[in-house]
Amino acid sequence: MAYVKKRSVLPIYFVGGTWLLWALCAPLYRPTHYLMAALASLAAYFVGKMIFPDRGYEMAGASAPGPAQPKPREEKPQSTGNPEIDALLDDRAKAVSEMRRLNDSIKDVKISAQISHLESTTAKIIDAVVEKPAKLPQIRKFMNYYLPTTMKLLNAYDRMDSTGASGANIDGTKEKIEEMLGTICVAFSRQLDALYGEEALDISADITVMEQMLQQEGIGGMTLGGS
Amino acid sequence: MKRKISKRGYRVLAIVWALASASMAVAAIRQLPALNPPTLLLLAASLVAATSFWKTYKTTPDVDKPDQKTEEKKHG
Numbered sequence: 001m002a003y004v005k006k007r008s009v010l011p012i013y014f015v016g017g018t019w020l021l022w023a024l025c026a027p028l029y030r031p032t033h034y035l036m037a038a039l040a041s042l043a044a045y046f047v048g049k050m051i052f053p054d055r056g057y058e059m060a061g062a063s064a065p066g067p068a069q070p071k072p073r074e075e076k077p078q079s080t081g082n083p084e085i086d087a088l089l090d091d092r093a094k095a096v097s098e099m100r101r102l103n104d105s106i107k108d109v110k111i112s113a114q115i116s117h118l119e120s121t122t123a124k125i126i127d128a129v130v131e132k133p134a135k136l137p138q139i140r141k142f143m144n145y146y147l148p149t150t151m152k153l154l155n156a157y158d159r160m161d162s163t164g165a166s167g168a169n170i171d172g173t174k175e176k177i178e179e180m181l182g183t184i185c186v187a188f189s190r191q192l193d194a195l196y197g198e199e200a201l202d203i204s205a206d207i208t209v210m211e212q213m214l215q216q217e218g219i220g221g222m223t224l225g226g227s
Numbered sequence: 001m002k003r004k005i006s007k008r009g010y011r012v013l014a015i016v017w018a019l020a021s022a023s024m025a026v027a028a029i030r031q032l033p034a035l036n037p038p039t040l041l042l043l044a045a046s047l048v049a050a051t052s053f054w055k056t057y058k059t060t061p062d063v064d065k066p067d068q069k070t071e072e073k074k075h076g
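If you read the protein sequences in the order shown, they are chains A and B.
Letter by letter, the first sequence follows residues 1 to 227 in this note's numbering.
Letter by letter, the second sequence follows residues 1 to 76 in this note's numbering.
Chain A extracted, bound-state conformation:
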C-alpha cells in the first residue's frame, strides 16, 4: 500500500489571482508596488495552504506516482558474497514478485491491501536480516514455513477466485483464507518487530546506564535546575 500525497494547486492559483486583483485595484508601476503585490500574494498562498491543505491517501496495490521514483530493488540481482544471504535475497525477489502478481490478479480490495501489507513487511523482514545476517536463525521458520504457506493460501484463493464459480467448497475456503490473512498480517508484523528485540534491549540498557551516570554527575534532568 502506497501513501500518495496530492498537492493542492489552489494556493498557487491564489497567487496569480492576487496579482490580478492587485493590478485591478491598486497601482502597479513602481518597484515598491511590485514588492507589496508579491507580499500580498505570499500571504494569499499561505492562507490558501491553510484553507486547502495537501491531501494524502493510501492507494492499495499501487506505488506512489512520480517519474522520480526509483525502481524496486528486488528486480536487481545482487551478490553479497554470503550464499545464505544471496539465497535469502533470491527468495525475497520471488516472494515479492509473486505477491505482486497475486495482488494484480485478486480483485478484492481488502485482500489486495492485505497482500500489499504482507509484501512490504516481508521485504522489510528480509532486509533487516540482510543488514544483520546474525538474525538469520530468527527467521528460519518464517522463511521455511510461514511464507511458503502464505503463498500457498494466496495462490489457492486466486485460483478459486478466478473460477468465478460459487459453492460450498469455494466460498468456504475463500472465507477461511480471508479470515486467516488478517492473522497472518499481524504475525508478519510481529515477526518484524521481534527482529528488533535485541536492539531494543541494548538501547534500554544504554538509556539506564546513561541516566545513572547523569545522576551521579549531578547533571541529570532532575537536578539541573537545582544546582
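These are calculated hints, taken from the structure and not from any lab test.
Here a beta-carbon is modelled for each residue, glycine too, at the ideal position from N, C-alpha and C.
Treat the hints with care, since some could be wrong.
[What the hints assert, rightly or not] Here are the computed distance ranges between Cβ atoms for each label pair: (1) A/Gly172 <-> B/Lys58: 52 to 62 Å; (2) B/Arg30 <-> A/Leu35: 13 to 23 Å; (3) A/Arg55 <-> B/Arg30: 49 to 59 Å; (4) A/Ala43 <-> B/Lys4: 26 to 36 Å.
Please build the complex by placing chain B on the supplied structure of chain A, with the hints as guidance.
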C-alpha cells in the same frame, strides 16, 4: 537530480503565468496613456512564459492518470 515536471504541473504553471500576464496587461492599460517600458517588458515576458508553458502542457504526454486496475478495485 532535476525533477521532471508532470503535465499537471505544466498546466498549473500555464494558468499562473496567464494570470500574471493578465495582471500586467491590466496594469499597462491602467497606466495609459503614459506607458512605462518596464511594464511593457514584464507584460511581454509573462506572455512569452504563459505561451511557452501552455505549448509544453499541450505536448507533454499524460502519465499522471491513475492506475486503471486500482480505480476498478476502488469502485468495485
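Now for the hints, and whether the structure bears them out:
no. : hint                             : in the structure
1   : A/Gly172 <-> B/Lys58: 52 to 62 Å : holds, 55 Å
2   : B/Arg30 <-> A/Leu35: 13 to 23 Å  : holds, 18 Å
3   : A/Arg55 <-> B/Arg30: 49 to 59 Å  : violated, 38 Å
4   : A/Ala43 <-> B/Lys4: 26 to 36 Å   : holds, 31 Å
Of the numbered hints given earlier, the model fails hint 3 alone.
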